[in-house]
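Produce the complete structure using the sequences and hints provided.
Residue numbers (the UniProt record's numbering), protein chains in the order written: chain A, 1 to 341; chain B, 1 to 341; chain C, 1 to 341; chain D, 1 to 341.
Take these hints with a grain of salt, some might be off.
Cβ pair distances, simulated, as ranges [said to hold, decoys possible]:
| # | chain 1 | residue 1 | chain 2 | residue 2 | range |
| --- | --- | --- | --- | --- | --- |
| 1 | C | Phe-124 | A | Thr-21 | 33 to 43 Å |
| 2 | D | Phe-124 | C | Glu-305 | 25 to 35 Å |
| 3 | A | Gly-49 | D | Lys-277 | 53 to 63 Å |
Here are the computed lysine-lysine pairs in the BS3-like style, where the Cα-Cα straight-line distance is at most 30 Å [stated by the list, open to error]:
| # | chain 1 | residue 1 | chain 2 | residue 2 |
| --- | --- | --- | --- | --- |
| 4 | D | Lys-271 | B | Lys-221 |
| 5 | A | Lys-221 | C | Lys-46 |
| 6 | B | Lys-221 | D | Lys-191 |
| 7 | A | Lys-118 | C | Lys-221 |
| 8 | A | Lys-221 | C | Lys-221 |
No lab work stands behind these hints: they were computed from the structure.
For glycine and all other residues, C-beta sits at the position ideal for the given N, C-alpha and C.
Number of protein chains: 4
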Amino acid sequence: MIHFDTDYMEGAHPEVIRRLTETNLEQTAGYGNDPYTARAKELIRKACGQPGAAVHFLVGGTQTNATVIDGLLAHHEGVLAAETAHINVHESGAIEATGHKVITLPQHEGKLRANEVKAYITDFYRDETYEHMVAPGMVYISHPTEYGTLYTLDELEDLSRVCREAHIPLYMDGARLGYGLASPGTNVTLKDIARLCDAFYIGGTKVGTLFGEAVVAPDPKRLPHFFPLIKQHGALLAKGRLLGIQFETLFTDGLYERLGAHAVRLALKLKQAFVQKGYRLHLDSPTNQQFVCLPNETIDRLAQEATFELWGPRGETETVVRFVTSWATREADVDTLISLL
Amino acid sequence: MIHFDTDYMEGAHPEVIRRLTETNLEQTAGYGNDPYTARAKELIRKACGQPGAAVHFLVGGTQTNATVIDGLLAHHEGVLAAETAHINVHESGAIEATGHKVITLPQHEGKLRANEVKAYITDFYRDETYEHMVAPGMVYISHPTEYGTLYTLDELEDLSRVCREAHIPLYMDGARLGYGLASPGTNVTLKDIARLCDAFYIGGTKVGTLFGEAVVAPDPKRLPHFFPLIKQHGALLAKGRLLGIQFETLFTDGLYERLGAHAVRLALKLKQAFVQKGYRLHLDSPTNQQFVCLPNETIDRLAQEATFELWGPRGETETVVRFVTSWATREADVDTLISLL
Amino acid sequence: MIHFDTDYMEGAHPEVIRRLTETNLEQTAGYGNDPYTARAKELIRKACGQPGAAVHFLVGGTQTNATVIDGLLAHHEGVLAAETAHINVHESGAIEATGHKVITLPQHEGKLRANEVKAYITDFYRDETYEHMVAPGMVYISHPTEYGTLYTLDELEDLSRVCREAHIPLYMDGARLGYGLASPGTNVTLKDIARLCDAFYIGGTKVGTLFGEAVVAPDPKRLPHFFPLIKQHGALLAKGRLLGIQFETLFTDGLYERLGAHAVRLALKLKQAFVQKGYRLHLDSPTNQQFVCLPNETIDRLAQEATFELWGPRGETETVVRFVTSWATREADVDTLISLL
Amino acid sequence: MIHFDTDYMEGAHPEVIRRLTETNLEQTAGYGNDPYTARAKELIRKACGQPGAAVHFLVGGTQTNATVIDGLLAHHEGVLAAETAHINVHESGAIEATGHKVITLPQHEGKLRANEVKAYITDFYRDETYEHMVAPGMVYISHPTEYGTLYTLDELEDLSRVCREAHIPLYMDGARLGYGLASPGTNVTLKDIARLCDAFYIGGTKVGTLFGEAVVAPDPKRLPHFFPLIKQHGALLAKGRLLGIQFETLFTDGLYERLGAHAVRLALKLKQAFVQKGYRLHLDSPTNQQFVCLPNETIDRLAQEATFELWGPRGETETVVRFVTSWATREADVDTLISLL
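Shown next, in the form of structure tokens:
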């Protein structure tokens with residue numbers, strides 16, 4: 001059986017494991033007050049081109065989103081997001097549990113449009129009853145999106161400008177950021193993101209570490225008193241150095257880029273095979289998640305030898321299916337899958 | 001200037017004021033432990049045909065919705081509501097502030113459809129990832145809706161059945177319930193509502209009292225420990241008897257019905273005038289709120305002599321306008337408005 | 001039967017009722033956007049000597065405390081309060097329900113001591129683990145306290161200085177403020193309070209109105225976006241003018257002062273009688289709540305003709321009892337009570 | 001430099017690392033739906049003597065406490081805990097952030113007393129105003145406590161009985177449970193705990209794993225819908241098998257017991273040395289945390305060669321100091337420390 005369900009089916013890149021093993025019995029202070037964490041932060045600041053940025057390490061994506069969003073919003077504010085946003089759909093209400101509304105806007109292949117964000121904010125303050133409504137206090141985007149799609153630099157510049165004109169922060173969920181940065185077609189760099197977003201996170205869980213997400217706030221004043229907030233949200237790892245060691249490894253010798261490139265190359269190879277064999281893409285994803293419409297009989301046949309996810313309910317004759325590659329995907333498995341198509 | 005902005009522009013019905021005045025210097029225990037409150041509860045139980053019902057008095061609508069919904073939901077659950085629901089749009093995030101998501105469904109003239117509620121719940125539990133999503137823990141409807149429309153008895157029966165099959169409560173926001181019950185076309189009675197809903201409130205603020213909403217739970221076990229929850233939500237009035245006195249008055253000698261009938265009669269007179277004069281209704285409301293499309297020049301002309309609300313942003317040539325009557329509306333004002341059309 | 005249980009057993013001062021009645025059928029905009037509310041705010045600003053102050057009207061004490069405290073605190077902060085503070089004991093966890101810890105300090109006849117507040121804050125930041133603890137983000141005091149006692153001007157100056165040095169706001173719960181200001185021994189004026197506190201409320205519910213509390217923030221920037229927060233907390237009254245009319249009446253022709261003085265005069269008359277008849281005071285309250293130790297047989301005898309509250313559990317031979325007067329207490333009832341002692 | 005600051009200064013026991021490494025590139029489903037997690041749960045059920053127990057794996061202690069306590073409490077309830085409880089002092093308000101009050105009782109060397117818990121509950125419901133107060137909805141204890149002390153079996157039986165008579169759950173924070181079970185003097189076994197508590201967690205972070213806590217609910221109905229609650233609290237690890245693998249290792253071949261015994265043996269050796277050299281114990285801890293009063297000059301001298309924590313502020317001439325051993329402590333380091341005393 002070969003697996004294309006998700007990008008978190010394996011542990012960590014062997015180099016990460018090697019570093020965790022070789023430092024295992026060292027003794028350091030807890031909660032991130034260790035030299036590994038300090039070095040990892042420095043490497044990330046450098047990669048982002050933001051020497052003054054605050055960098056915080058948390059364990060997982062949902063807790064990162066809830067903690068950052070809670071930190072960015074005032075009590076009366078909510079977060080604008082696409083209706084397909086992970087925070088709106090698949091986090092069990094973690095944002096609302098912190099008291100904040102997720103205000104949804106239409107999604108376009110998983111993306112928000114700057115003009116629609118702008119129109120929402122403008123209309124909001126034009127409404128005479130706006131003080132009875134939840135104020136749009138920030139914008140959440142994911143990059144890549146839940147559909148694997150990417151913002152172009154122009155789109156990101158536009159969103160950033162709209163947010164800055166409205167004096168609200170732009171936050172990017174980068175759970176799969178490595179796969180976005182490595183996409184051959186993208187013109188968005190990590191430095192662009194750091195320049196255009198007020199906060200974002202660089203996902204480790206899906207891109208090479210056992211777990212861990214690195215929150216970056218280019219202007220640290222955007223996330224004041226963030227340490228106690230991390231603790232309050234139960235997101236503070238006692239052995240914080242485990243996060244430092246893993247991210248130090250990712251950001252050494254270009255490992256993060258290489259892991260991203262590997263997964264994307266295999267995903268695009270798979271996409272090409274689908275197209276060549278005449279299957280219809282559900283949408284054109286340039287990253288490690290591929291969505292394709294398959295006849296139900298093809299699905300049943302493939303399921304004998306491979307695992308993958310149905311995307312939504314099974315249709316009458318065909319169904320959208322998601323195939324995911326990762327840093328750990330073996331090319332042989334991709335080739336096998338292609339041979340089965 | 002004549003006013004049709006809202007149904008809470010005046011104080012209370014004179015009989016309510018008279019009773020408040022004549023009991024003013026009596027001394028009673030606080031927090032609803034007084035004979036007026038006891039009698040009011042008994043009158044409401046009787047009107048609902050539910051001798052065993054729990055009745056609780058709160059001050060305003062938003063706090064009532066937040067307290068009841070918080071009381072009905074488990075931590076991991078959210079409330080299903082139409083996208084136009086008051087709790088979704090105009091309560092400043094009060095529901096989310098208690099930690100719960102408002103899960104929106106399409107609205108049909110302000111109403112939910114039972115089959116869409118059923119489909120949502122069915123699809124939810126068919127989704128393999130449902131434990132990562134907010135479980136639909138109850139259904140919220142308003143009757144009349146925010147658009148003045150009413151559920152038919154069949155529609156309400158259907159919604160109730162869907163909820164009971166799914167083992168989740170059906171809750172009705174009755175801020176304007178008196179205007180719904182008094183609508184000539186309705187076949188839904190207060191007893192029907194008490195039979196079909198698991199909790200609902202009978203609104204006083206908009207139908208004759210200074211303030212106050214009466215929450216009814218036909219089966220008291222549905223809202224266990226509700227008294228401390230009312231207190232925790234800041235919704236417990238120290239001089240609770242003020243609520244008792246007002247609702248006792250409303251439910252004596254059919255006052256509540258008469259107040260409702262008055263407002264609806266005038267609203268329908270106004271609607272008929274709009275139609276006769278050739279204006280297009282935005283939708284066909286059988287209650288005290290009327291929505292009509294008016295040319296902008298007509299709006300500007302009327303605004304010289306009357307106040308009312310634009311419903312949404314002003315259009316290029318015409319705009320939807322809301323006119324509201326209440327228990328206190330003077331027929332002469334309606335006639336004046338009609339003469340201006 | 002004569003009653004000394006609480007200071008919210010009656011309705012409102014007759015002048016308040018008269019004004020509510022005479023304005024009852026006027027039509028005004030809702031939510032406090034009416035001329036009565038505007039005038040009441042102006043009168044309060046003037047009484048406080050703070051022409052630039054923000055004034056907000058809410059319905060009850062618990063909701064006022066929860067809304068203001070939520071508005072003053074950052075997510076990671078808690079509120080310092082005496083262990084006997086109303087917010088710590090008798091609000092059903094309303095503060096915690098907004099996500100904030102009540103951090104308790106020892107009480108001294110219901111009061112906090114400035115030096116103990118200062119020591120707490122100093123020790124807090126000396127603790128190496130302070131970022132794992134709830135930061136003291138504000139100080140809550142009540143004046144009069146839950147024991148009827150009052151801060152002296154020196155004590156209040158000290159608390160204010162400690163707070164300002166620590167850059168945290170001082171908030172006063174003035175549920176019974178009228179009875180504090182009217183105490184013959186006090187040297188604290190409303191202007192002092194407005195000068196020394198960052199937020200406070202002037203209680204109406206217990207001092208002459210049907211309900212209502214007036215929040216004052218001398219510097220409006222201390223409570224930014226407070227209107228949507230009031231709405232979110234379910235504390236926004238639809239017919240906001242009811243609050244405006246009541247407070248306008250209280251602050252016209254010195255009514256608030258007269259109501260306070262009446263209750264305090266009768267309470268002190270009662271206290272003097274207790275002392276003269278040889279009963280031991282539990283503590284020496286200069287306001288409208290009197291606490292006295294009575295032999296159980298005396299309690300049983302009095303209970304035949306008067307109602308009052310046991311303060312804590314009944315003792316073996318004697319018990320602390322609370323007697324409360326109010327703006328509405330009849331001198332004849334006090335004389336009757338005295339004759340029974 | 002030798003280190004006795006905390007029990008989370010190293011990574012994981014080498015056997016844990018070995019298992020993580022050797023399974024690293026296997027592909028499994030996420031979120032705990034993997035065979036390692038299933039086996040770990042089975043091993044824990046067996047160790048607890050509770051074949052029907054629910055077992056859930058979370059990442060860290062604060063998130064575990066917040067999630068379990070939120071899951072056990074109704075909205076109007078709070079958690080009873082010793083004033084020194086970790087949830088009251090060192091979790092940045094994580095419990096209050098979920099809306100629940102921590103109700104504190106006196107601590108006796110870190111422990112609650114059953115009779116004091118009982119008295120609190122009895123007095124609570126005797127208070128006529130109890131519905132205005134936060135209901136005691138559960139009891140939190142830690143074992144070992146924050147002071148390293150242990151409940152005796154009698155004490156635990158008494159607490160359990162008090163809770164069961166009051167129909168509220170007893171929850172044990174077992175962050176250092178392994179060190180408690182391994183203490184030579186204890187008569188409390190894991191099976192006793194599972195029999196007497198309604199929920200508890202077996203801590204991994206401080207006893208041999210990189211991270212991870214195993215929540216056990218002997219009666220699964222006590223924590224209904226706990227999976228979405230874990231997700232909502234941001235406590236669900238994507239690669240859940242990492243927790244399964246680690247706990248499977250701990251509960252294989254008695255590793256957990258051996259790790260506990262190692263740390264306790266060295267801690268008691270250290271305690272004996274303190275006593276023999278004439279130092280005064282702050283209290284008599286039978287587990288891996290030792291608290292001793294040291295003259296300040298001794299502290300300064302030791303600090304040249306060892307790290308440890310001052311317990312509270314430095315005194316004028318002597319200060320309480322904490323020394324902690326762990327599964328990873330080298331006997332040579334303990335001997336060195338003893339030689340320095």
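Q: Would you pick out the hints that fail for this structure and give their numbers low to high?
A: 4, 5 and 6
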